[in-house]
Structures are given as C-alpha cells and as structure tokens.
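Assemble the complex: chain A is given as a structure, and chain B must be docked to it using the hints.
Each chain, letter by letter, is given below.
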Amino acid sequence: MSGDKTDAADEPEQVAGNGLLHRRLFLTQGLTLAGALGVAGQASAQTALPKRPDWMTRQGAGLSGYGQPSKFEEGVKRLTGQPNPLFPSVGSTRTPLEKLNGMITPNGLHFERHHSSVPDINPDAHRLLIHGLVRKPLAWDMSALARYPMTSVIRFIECSGNSGAAKRNVPQTSVGQIHGLVSCSEWTGIKLSHLLDETGLADGASWIIAEGAEASSMVRSIPLETALDDVIVALYQNGERIRPEQGYPMRLLVPGCEGSVNVKWVHRIKVVSEPGDSRDETGQYTDLMADGRALKYTLLMDVKSLITHPSVSMKLAQPGVYEVSGLAWSGHGAIRRVEVTADGGKSWADAELSGPVLPKCLTRFRIPWSWTGGPATLASRAIDDRGNVQPTHEVAIARYGEIGAYHYNGIQPWAVAQTGEVANVRM
Amino acid sequence: MSACRFALAAGLLLTSGCATQTKPVAHPAPNLGQAMTEAELAFWDTSILVDGSNLPAGSGSSAQGLIVYKQKCAACHGATGAETDTRLTPLIGGMGSLATAQPVRTLGSYWPHATIVFDYIRRAMPYNAPKSLSNDEAYALTAYLLRANGIIDEALIVDRTTLPAVKMPNQNGFVMAPEHAK
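In order, the protein sequences belong to chains A and B. Those letters in the first sequence? Residues 1 to 427, per the working numbering, in order. Those letters in the second sequence? Residues 1 to 182, per the working numbering, in order.
Isolated chain B (complex conformation):
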C-alpha cells in the first residue's frame, strides 16, 4: 500500500499491482434520500414484470388495435407491420426461422413473453410520441400484433388477466448466461 502510494506519487503507473483500486475510506452516509408518496411511486413505476404483475387496468381487441395501428404506427412500420422494406425489424413473421441460416427475430417469433410487448409499446412507441398511448390503446395494439403473428385468437380481449396467460412460441428459447444461472 505505501509502496503503491510512492509509485503513484512518482508517476510510475506501469505496474498492474499498484494500479488496482484502493479500498474506499468508510464515510458516514449523508442519508439524503427523500421518501415518496404511494401515488408518486405508482405514477413512476411502469415496470411490467415477467409474471405480468403491475399490468394496469384497461383492455383492447385486435380489431381495435388495427385501427390504432393504421393511425399511429403504419407510417414507420408499414401498412400491416409485416413489411420488410421499413429499415426496421418487421413486427410480424419469422415463425420457425430461429434455427435456420436466416433467422427473422420479430416480437412474434423471438420475444419470450407477451407482457413485454405491452411494456415496450407503452413506454417507447409511437417513436414520435412515446408514452402518449392510453392503456386501452396499448392493450389493443398488443392484441393486434399478437393476432397478426397468429399467436392469439381474433376474439381474445387482451387485459391484465389474459395477457400473462398468452403462450409465446419462443417462451422457452432463452437460456440464462452461465455466470448468472442459479
């Protein structure tokens, strides 16, 4: 340690032994974090967990979703979402392609959970007005995209109960990196 100090003072940083970080000096925490109200927390906490917990109230059908899709999404993602000339990953298709030489990774063929479709659309889309969709619109768009991918039936009303129960084609396709596997 003192040899390291000396080396640092002399500008001799070449040896790796002296270049590792020194242990931080114990410092009393200032404890300045502020409590939040339940309402504040509920407003910010938009994370939808894998089991669907925290999905909001509201619902939508694929027929309603197609109407919203045409208004708010088609300009970038193509008339139906299956188009491949948009310079974006198509939103539809690619089923059964993952183990081939030309895999097409869409939300239908690749994503492991139906809930993350809702989560992503609600927080990030439409690109030009993110976080502007109502929960009903986000459920309807999710229904449209799942229906167009052949994952759900036309009749399914998508909401906080039905969405987590949807089985995705690739739900067992992901393997945890060995270093994080329990």
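Bound-form chain A, shown alone:
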C-alpha cells in the first residue's frame, strides 16, 4: 500500500488480479484516489454563470401523512413475471437488488411469493390458535398479543426457489430478476416459545404445523426444536405493521429457513408428533434428486452471495475506479468473509463487510476495483461462521442434482466486456 501519496505515478497496490484494490482503500485514501487512477475530473467547459435550479428558488411540496419515494425513483419497482389471467395473484415478484444499497429491503419492495392471493384481514377478527399436543389449547386476539414481551431481529427471508433460473440457464436479465427472491427486514414480534410455554407441551410433541389464513391456507411443518429456539410471531416489519402481502396482521419468522415456512397470515399452529407432509411440503418445496428420491424438510438456506453492483445488464461508462458491492447471507449463521475475484477465479481478495454483520441476515460487502477497460470476470464467494463455503456452480449442481429448482447457491459470475457491458456467464 502506497501511504498517503496519491500522484498518478504511484498507483495503489492490487490485492488480487485484474485491478482489485484493498478493501479499506476508499476509507484511507478517500476521493483523491480517482485522480491517482487516472480518471479525468469532469472539468466544466461552461463559461456562462451556472443557473440555480428551481427547487432552490421556489417552495416545494408540503407535509405528508405517509412519505413516498421521489418521482424520479418511479422505476424502482418489484419485478413481476407473466401471471395467468385465471389466477393472476399466484406467483412471485422480486426485489430489484440492482437498484438498492445497504442491507435492509424497503417494505414495499420485499419479494412476494403467493400460492393464492393477498387476503384483506381485519385484525380485530383475526386470532392465533395453538392446539394439538399441548396441555391447554389457547387462542390470542391482537389486543392480547400486543401485551406480550416483544423481540426485534434483522433477518433475511429467501424463497427456496430463488436463483433457480441461474441453475439451468444463464439469463441475461437483471440480478433482481434472477436472484431477487431474497429480502431483509427488521422483524418485531413475540417469541413463539412464550406462547408454547403458556399452552404447555404434551408427551410426544416434536413438530408444529402452521397454517395461514389466506384463501388456500398454506400449511408447513417446522421441527419443535426450531420453533422453541428463534421463531417469532412477527407483527412489525421495519418498524411498521407488516404489509398485507407479507402476512398482515402476523406471520411466522423462522430465521434462516426457506421462505415458505415463514407462514404468512398465520392463524393456527397444531403441535404434533410427526411432520404433516402436506402438499405444500411434499408436492412442493422438496428436492428431487437424480435417482428419483426427494429430500423433504431441507429448511435451512445455505451460504450465498452475489455482486449487485455492477451486475448483468448494467454498463460501465468508462475505465476507472468502481466500488464492487453485493450481498452475502447464510441460514446457518453470520457471514465471516466474502472474497471477490476480478479475473474469473484465478485470484481472490477479501471484501469489506459493511454495516452490522448479523446471523441469518443480509450482509453488504464492498471492495474497490480499478477497471482497466479490458475484459474482466467478477464474482463473489461467501464463507459463514460455521465454515460453510459458497460452492461453485458444478458443486452446487452435484448436491441436489440438475432437476430440482430449489436451494441453488452457486457462485454467480458477471463478465465485463471491453464495451463496459456486463453479462451473466459461467466461470
């Protein structure tokens, strides 16, 4: 590293091939780096005096009851597929990861995956029932639940079908279209263990079956051990009541586990001795292997990362310094390390983990990169605090076979062409 001298002759040292720079470079050398790397400053050719923009000379809008994004951000929307007109709400929308930064997903952009539609639940007419292998079956209405001690955690939710498109194909869409079935929020609610304490557990209790109050009533089984550990009956998302499409007035949060067990609109929990093997967890959400057998209850989402900036379909304007940044997460625990390559995996450098590093939570990573204008292949590889390493495409495929669409977590490379265009590739 070249101390505090920043003249062009004294270029910062690379930490890995094809221009990756030390992760703390931006912090230590600040903006002067751009000069050091030979990016010309945008010198103004104007001779006339600049004009003040309107908003500096006129009053703007007034106060508002619920703030909305700027009209210039109108394009920042959840990404939708082509729904079937007979059942338009069955399907999913994805978080536009390429348009966001940080680790929290805004509530209106949290991905959706519905098996029927979004119910319009009146919270005053909604109750949570717990019954089955319990000592006393009990029901709570909203006003009762509001008096319980609450807990807040920041956790990701990822659909197990996320990235399925990247498993068999190499789509040239956007990182959100391919990998946007993952979002991250602060969830606040009541630990399920508090409520199970109150009902008590009867002999033989070893799983719970949770059911949603939507039209098709999603049914998922969860091991009792997990239920008593960190499962929350969540009422709030990022400080406000959960949005209807995320489970208003309450959903289960099952940290680190596939999206569909985080049952939305939860209204009933039955404590049982065996999992329910319902259609939603056998016909769906099982991992069919090459030999024709299928794994069921593969609930934990494995370690994964992707670069969001730059990513497929973007175009780099000109050679120079860029921040390569992305997201890493693991259902097993916290992210310990994210490595980034710019030369297609020949060499790797550690990215900076930026912001709080929490278990079962999206973690933003960043690393400066000096693009020379030549071809480059960028990719990230995450390692969690249990030592799980994000696999290559080949290893990820070998795990569940080529058939299943779920739980794909292979390394995602992006190729930068000399034109600056970023494409999805295999490495």
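I should point out that these hints are in silico values taken from the structure, not numbers from a laboratory. A portion of the hints provided could be inaccurate.
[What the hints assert, rightly or not] Under 10 Å between C-beta atoms, here's a sample of chain A residues computed to sit facing chain B:
(1) Pro149
(2) Leu295
(3) Ser347
C-beta: ideal position from N, C-alpha, C; glycine also.
Chain B in isolation, oriented as in the chain A frame:
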C-alpha cells in the same frame, strides 16, 4: 457485554462479536391466551395427519368425482386433469418419470400419501371458491384423481377408513433432510 453496549452506543456495529443478540430479560408472561370450546377447536382443526387421523365423515366414488370435476375444476385444470397446456402441473400422469431427465411430478406420481390429496383439495380448491366443497365432494374428487392416476379401482368408495389404506406409488420416495432425521 458492556463493551458491546459501548460499541452499539458509539454506532460501531461493524464487528460481528457485538452484533449477536443479547439474551432477553426474563419477563413475566401476561398469560392472556383464551380457552377454546371443543366445538370451536373441531371447527378450526382441519389438519389431516399422515396416518389419516382427523379425516371427517363422508365418502365418494370416482364416478361421482368426475361429475364434480367437470363442474368445478375443468375450467383451470383441463377436461380430464391430464392436460399439459393449462400452465399448471397436470393432476394426472408422470408415473415412473421421477428418476428420468424429465420428471413429471403429479399428485399421482410424486405425492407420498393419499390423505394429503383430500387435505389439499378441501382447504385450497377450487381456487375461485376454496373451502366450499362438502366432505363428500372432496372425497369423490380424491377418488376421481386417484382412479385417473391408476392408483385405485373404479369400485373403491373413498372415506376416512379406505383413504389412509391407499398405497401411493411414491410413498417411500421421500428422505428426511439429514438435520431433522431422528
């Protein structure tokens, strides 16, 4: 712990050591859960367990099921349920395809228990009027779909006793994820 508090106060959330959750303070439970009557519980408890327990009274045949199918299901699932141009997983077919390069996972070829066919249809279908089927209709539709998949005989009357005894082609095809296996 106090170092963590300090780090949090100073906004230094970068280190993972301080970012793990603190133990919740023991809090007396308000104990506000309300008891339910047997009738209330029976109304809400529609879970059918793997062994068929909690299946309701009622029955149906596949011939009766075909009539209901044509009225209430064919619009979305096709004239027989075997159609592949519906943008839905076909309800019929796929036998023997699971270990091939083109597996077809239908309720006949893939689902491990016959009881969950009844459970799913009764709670989720028809899509435009879920939970509207009578138990007899749901048994009859189950009979029709099992019959059309070649799993049961035409003559079988499907009810709470006969349904759990039906052997599904893929009943041994599922393996518990290692982390939950006992």
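*Given A:Leu295 as an interface hint, is the shortest Cβ-Cβ distance to chain B below 10 Å?*
Holds, because the Cβ-Cβ distance from A:Leu295 to chain B comes to roughly 5 Å (cut-off 10 Å).
*A:Pro149 as an interface hint toward chain B, with CB separation required under 10 Å*: holds, 4 Å
*For the hint on A:Ser347, just tell me whether its beta-carbon gets within less than 10 Å of chain B.*
violated, 25 Å
The structure shown violates just one earlier hint, number 3.
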